[in-house]
Amino acid sequence: MNKPRIIIGLSGLAGAGKDTVADFLLAQHDFTKMAFGDALKQTEELEKRIKSTVGNIVVTSVHFDDQAELISKLNGHIWQINRRNIAAVNPHSSERGISPYFIDQNINNYGDIRSLHIICELHLQSTIQHQSRSLWGHA
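Numbering (full-length UniProt numbering), first residue to last: 1 to 139.
Everything labelled a hint here was simulated from the structure, so no lab data went into it. All figures in this text were calculated on a predicted structure; none of them were measured in a lab. Backbone N, C-alpha and C fix where the C-beta goes; we use that ideal spot for every residue, glycine too. A portion of the hints provided could be inaccurate.
Unchecked claim - For lysine-lysine, the following DSS-like pairs were computed, each having C-alpha atoms within a straight-line distance of at most 30 Å:
hint: 1; residue 1: Lys73; residue 2: Lys48
hint: 2; residue 1: Lys33; residue 2: Lys73
hint: 3; residue 1: Lys33; residue 2: Lys51
As the list claims (entries may be wrong) - Per label pair, the in silico range of CB-to-CB distance:
hint: 4; residue 1: Ser132; residue 2: Ser52; range: 20 to 26 Å
hint: 5; residue 1: Glu45; residue 2: Asp65; range: 32 to 38 Å
hint: 6; residue 1: Glu47; residue 2: Pro4; range: 17 to 23 Å
hint: 7; residue 1: Gly55; residue 2: Pro100; range: 17 to 23 Å
Between the sequences and the hints, there should be enough to build the whole structure, so can you do that?
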């Protein structure tokens with residue numbers, strides 16, 4: 001039996017560590033790294049890419065509720081990356097973040113990179129367990 005595919009969308013302010021988390025998943029777990037574009041057309045193109053990609057996917061730029069909703073619709077999971085002492089870089093709506101409703105995991109990036117990698121590994125195992133239970137109707 002094939003193991004289920006994992007889709008993780010990363011949300012958080014600029015500088016929170018989204019790309020660091022994505023790079024870890026890419027290097028250690030062979031995820032494919034993708035990002036949303038600004039335009040709706042690019043969002044639709046990303047949806048097609050996600051559906052046609054084999055294997056696990058991490059999307060580094062979930063800034064809006066419609067993007068989070070797409071990840072959820074595709075049975076994905078949203079990880080919110082939090083970091084102390086950073087603020088929105090600009091007043092653009094993408095820096096406001098997504099609704100808490102969509103967030104499945106909160107990752108607090110409060111230490112060094114090694115600590116962040118350990119936290120990500122734990123959250124990935126939790127995500128895999130949750131997805132496995134959901135597939136068997138035990139969510």
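Evaluation of the provided hints:
1. Lys73 with Lys48: holds (13 Å)
2. Lys33 with Lys73: holds (19 Å)
3. Lys33 with Lys51: holds (14 Å)
4. Ser132 with Ser52: 20 to 26 Å: holds (24 Å)
5. Glu45 with Asp65: 32 to 38 Å: Check failed, 19 Å falls outside 32 to 38 Å.
6. Glu47 with Pro4: 17 to 23 Å: Holds: the Cβ-Cβ distance is about 19 Å, inside 17 to 23 Å.
7. Gly55 with Pro100: 17 to 23 Å: At roughly 29 Å between Cβ atoms, Pro100 and Gly55 fall outside 17 to 23 Å, so the hint is violated.
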